[in-house]
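**Q** As a plain string of letters, each chain reads:
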Amino acid sequence: MADWKESVENIVYSGRIKVPYKWYVGEVGSRFLTGIRDNKEFWGTKCPSCSKVYVPPVKNCAECFVLTDEWVKVKDTGTLESFTVVDYSHAMQPVKAPIIYGLVKLDGADGSILHMIGDVKKEDLKVGMKVKAVFADKREGTILDIKHFTPA
Amino acid sequence: MTQKSEQQQELLTVNSGEAFQPFEWSVGKYGSKFLAEIRDNQKFIGIKCPKCGRVYVPPRKVCGRCYVEMDEFVPVSTEGEIGVCAIIQFGFIDPSTGHQEPVPYGYAFIKLDGADTFLPYYIDSTDPEKVKVGARVKAVFEEKRTGTMLDIKHFVLLD
Amino acid sequence: MGKRVAIVGFGQTYQRSSRKDVNGPELINEAVRAALEDAGLTIKDIDAIVIGNMDHFEGVNYVDSWSVEGSGGVMKPIFKLTTGGTTGSTVAMAGYYHVASGMFDRVLVIGWEKNSESDTTGAIVTAFNPVWERPRFGGAIAGLAVEASKYMHNYKVTERDGARVAVRERLHALNNPYTHLHQEWMKSMEIEQIVDLLITSEENQMLAYPLRMSDMCPRTDGAAAAIFASEDIAEKIAPKPAWVVSTHNRHNYALLGDIDWDSNDTLESASKAVFKDAGIKEPFKEIDVCELYLPYSYAGLKWMESIGFCGPGEGPKLVWDGHTDMDGELPVNPSGGVMSSNPIGATGLLRVGEGALQVMGKAGDRQVKGGDVKYAFTTGFGGCNWADVMLLGKKKPS
Amino acid sequence: MEKIAIVGVGQTTYERNKIETFDELVFEAATKALKDAGGEIGDIDNIVTVSNDFWDGRTISSMAIQDAAGSWGKDISTVEGDGSFGALYGMMRALSGSFDTTLVVSHMKGSESIMNLITNAMFDPLYQRSLGIDATSSAALQARSYMEMSGATEEDFALVSVKNHKNAKNNPHAQLPMDVTVDDVMKSKKLADPLKVLDCSPISDGAAAVVLANEKGLKKFKKDPVWIKGVGHTSDSYTLGYRDLARPRALEAASQKAFKMAGIKDPLKELDVCELYDAYSYMELMWYEGIGITKEGKGAELIKSGETGMDGSLPVNPSGGVISAHPVLVAGLTRLIEATLQVRGEADKRQIKGAKTALAQGINGPCGQAHCIFIVGT
Chain U
866 MADWKESVEN
876 IVYSGRIKVP
886 YKWYVGEVGS
896 RFLTGIRDNK
906 EFWGTKCPSC
916 SKVYVPPVKN
926 CAECFVLTDE
936 WVKVKDTGTL
946 ESFTVVDYSH
956 AMQPVKAPII
966 YGLVKLDGAD
976 GSILHMIGDV
986 KKEDLKVGMK
996 VKAVFADKRE
1006 GTILDIKHFT
1016 PA
Chain D
82 MTQKSEQQQE
92 LLTVNSGEAF
102 QPFEWSVGKY
112 GSKFLAEIRD
122 NQKFIGIKCP
132 KCGRVYVPPR
142 KVCGRCYVEM
152 DEFVPVSTEG
162 EIGVCAIIQF
172 GFIDPSTGHQ
182 EPVPYGYAFI
192 KLDGADTFLP
202 YYIDSTDPEK
212 VKVGARVKAV
222 FEEKRTGTML
232 DIKHFVLLD
Chain H
23 MGKRVAIVGF
33 GQTYQRSSRK
43 DVNGPELINE
53 AVRAALEDAG
63 LTIKDIDAIV
73 IGNMDHFEGV
83 NYVDSWSVEG
93 SGGVMKPIFK
103 LTTGGTTGST
113 VAMAGYYHVA
123 SGMFDRVLVI
133 GWEKNSESDT
143 TGAIVTAFNP
153 VWERPRFGGA
163 IAGLAVEASK
173 YMHNYKVTER
183 DGARVAVRER
193 LHALNNPYTH
203 LHQEWMKSME
213 IEQIVDLLIT
223 SEENQMLAYP
233 LRMSDMCPRT
243 DGAAAAIFAS
253 EDIAEKIAPK
263 PAWVVSTHNR
273 HNYALLGDID
283 WDSNDTLESA
293 SKAVFKDAGI
303 KEPFKEIDVC
313 ELYLPYSYAG
323 LKWMESIGFC
333 GPGEGPKLVW
343 DGHTDMDGEL
353 PVNPSGGVMS
363 SNPIGATGLL
373 RVGEGALQVM
383 GKAGDRQVKG
393 GDVKYAFTTG
403 FGGCNWADVM
413 LLGKKKPS
Chain V
543 MEKIAIVGVG
553 QTTYERNKIE
563 TFDELVFEAA
573 TKALKDAGGE
583 IGDIDNIVTV
593 SNDFWDGRTI
603 SSMAIQDAAG
613 SWGKDISTVE
623 GDGSFGALYG
633 MMRALSGSFD
643 TTLVVSHMKG
653 SESIMNLITN
663 AMFDPLYQRS
673 LGIDATSSAA
683 LQARSYMEMS
693 GATEEDFALV
703 SVKNHKNAKN
713 NPHAQLPMDV
723 TVDDVMKSKK
733 LADPLKVLDC
743 SPISDGAAAV
753 VLANEKGLKK
763 FKKDPVWIKG
773 VGHTSDSYTL
783 GYRDLARPRA
793 LEAASQKAFK
803 MAGIKDPLKE
813 LDVCELYDAY
823 SYMELMWYEG
833 IGITKEGKGA
843 ELIKSGETGM
853 DGSLPVNPSG
863 GVISAHPVLV
873 AGLTRLIEAT
883 LQVRGEADKR
893 QIKGAKTALA
903 QGINGPCGQA
913 HCIFIVGT
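Chains as they are written, first to last, in our numbering: chain U, 866 to 1017; chain D, 82 to 240; chain H, 23 to 420; chain V, 543 to 920.
Some hints could be false.
Straight line, CA to CA, 25 angstroms or less: simulated SDA-like cross-link-like pairs of lysine to any residue [claimed, not checked]:
no.: 1; chain 1: U; residue 1: K991; chain 2: V; residue 2: T695
no.: 2; chain 1: U; residue 1: K970; chain 2: V; residue 2: R791
no.: 3; chain 1: D; residue 1: K129; chain 2: V; residue 2: T695
no.: 4; chain 1: U; residue 1: K887; chain 2: D; residue 2: S177
no.: 5; chain 1: V; residue 1: K761; chain 2: D; residue 2: C147
For the record, the hints were derived by calculation from the structure and aren't laboratory data. All values derive from a computational prediction rather than experimental measurement.
Here chain U stands alone, though its shape is the one from the complex:
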């Protein structure tokens, strides 16, 4: 049985999945992204039950399972809760490695928002440091309308 297997090469078929997607942001998310795009403002939603302020906003508080229809404006400054410096590259990264990610708790919000940290020396990064949003010059209604956060 082994004979024929040894004489056969191992063909590998190279292919790809390239289905184009168009994701609907929805009413709640659109309000958040247009706030950044048009006014460089961060808007979140507040849970009527636990009072947590979510930025990006949610329509439903996942912890309390109640609808959140109160909008709250939060600041564009916040605290760095965690960070990492990524030294490898792949096709989905918006900028070249090294690329710094941070979880930023905006002043006035409860959870953190994930984004990139820029204009900072690696060795200066510290959990707890104050950071401020830097907006892209050309804003198109996506999360990349925030260029990154930078030390405040």
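Using the hints, position chains D, H and V against chain U.
**A** Same frame as chain U, now just chains D, H and V:
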């Protein structure tokens, strides 16, 4: 600061753009032998179940009905008969390129002489009078063959 | 021996060609809230969750994780199932096994899809073997068109027969506010007239002979959720729950080319297994209503034969005689079926949920038999003839 | 409730790049499990397969393994998630009264795709995906959060890598058996700090299978049963930034449920061996805390005490763990198989003497969002 804005709110979309997932799918020994036979000899082979005797095209390791490993390769013809078929007239996106597939084209499940399963492939005709159940067809191979199913150019009608 | 299980609540979103106003988790949340409200429960009452869809329609990996903030699954047992077109019926089966196992009393199952977010056929093509099938393939419609042409060849079935099924589904849909397609213009015409129009109108585009646009299901956004409960509490939650009498599935093939195109043997074998469990000998007489996953018109003929509602080649007569219409002996798809709404991951669950509503007497304008439904027969379809079958009943199974 | 037994286990070796197709790997694992059980496919009345459409590069990827899983004419379903959740569903089906024997199979060919892109796709397309975040960079954020909360250091994380890679030398299935030092780990290439190459599990190919049976189904097989004594599964919230990444509350809930079912009050004392899902080194320390074998923030102290080493009172990952072979979707089922082998006394060179009760963990989603815990025993 409660604000209801369902009417006015512009609804955004986010697009995947040129993003894609590349894959390197293993064809495996059984499939590789089949593709190599097409590439090198312009011939088809199947694999025969030692228990039920069915001949599977393309060859694979396991007979699903009998749950036994198969090992006996048998030649099957490059000619066969259309089992089921359709003329595809609607456009859709080819997920490997992200672009529209050209239409129309004939499409059939072909039972090659000597095989018990069907091989789905293109037919070089879009005539519904000719691309029909029971029609005889023969494989035409590409001149330059690289070891993929695309080494089969299409099947032509014999009648 | 396992627990007996009933469906005690069902909810669905309005299904539309595109729901631009909500993202995926928000759409899911709508269906979950509707199901909880229907059962008179809150999310705290739910012991476990099962969710399903097909990843490549929305391009999201690990959907159970991603959607947990909408599904209600935070700090709850939850996992995902996916079996293709059958996903919705598969999660219903999982809801049943969760409860029947005795491990959970109240289980929420969710099926959803936002088909507007990608090219549906393009994504369906990815369901097939990349090496053998994908390089020269025509998507789901091609797979169905070839089946239809063989069935027509075998039994001298005509395009009119296929169109008759399409007309039934679309007329039934007019009674269902949730479903996607509402072809109001059909109201004012005779069935024969609509059939003739469908097979002659140039506006009714030929997709792949013999399938025209009207023979196919639409592309839909929507979500559905159902709540399964154990025998210990089912009747406390719902005065008239829909009991799961039996459920089985089959999926025999790995490649489309392995299918025996003359029959739908997996649907046949799964149906037989269910009828055996339920002691049903004459399905056509004993079943009161069907919600069948018929993705295209000819399935409404051929697959009736596979299930055993009539003999080979007798599908067209059964349908033309009106037996499967709303007021017939065996109404099929009072909801309008898949051909009126197809949010793929939800579609199978819509069949089960609509079947449950019939048994519970809560189907509104689409209720059949005056609300006296003893058995509702539901199915799911997908992949290489993946067949899920679930029989629901009024009476608690013995 | 009736008891469910594990009567057969099978796994392939785990390698970086196997030439077989994944259905061939499924066939190998499934036939090994059936042989181990002393039965054949005819003794199986239903099947649960585990696969993921992204990793396999196809929608309904389970369709490809119908032949290899022996599903002809049988009830079958597919869990998309870690294999441990597949085993859990298989168990439910065997308890339901509809079936007596379930074959559960899971496969992974990590070599066929690009891990960073596949795991990038688990992040929300609206707010996170376009940033390029993936499994490793999100794990790095979690590792940092955990360091902040607990005071654990990169050197503490390295101890996990050292211990588990060494353990892997006793496991013929493992992909990365090796002797490394804390210094080697610290000096290995930085990927996403604080994580370095030797803090991260490899990309792997492989498959695993188990045969489950209820008391009636058990009679069909020759093998002595290993009983599932407890099981629990729970998901935390999803969004990075909303979830407390440093405290695995979902793992705590899942394991507490499993312990309650198994009648375990003091896991540190009552468990004999654990197989945890250490996709990244730091995770093992966090999971210690989650399953309650040490207090919050004290994971590093536990590994430094040596108690989770091969000679300790509660060895963790004698198999070498996930850091020594990480076939995604399979790895949790592998943990269950390793736990089963331990309580059977069949774990060969990696056997923990006298092991009677073992814990196995599977995880799902980014940064260990969802957990599935099994307690098995004789």
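**Q** Which hint numbers does the structure go against, in order from smallest to largest?
**A** 3
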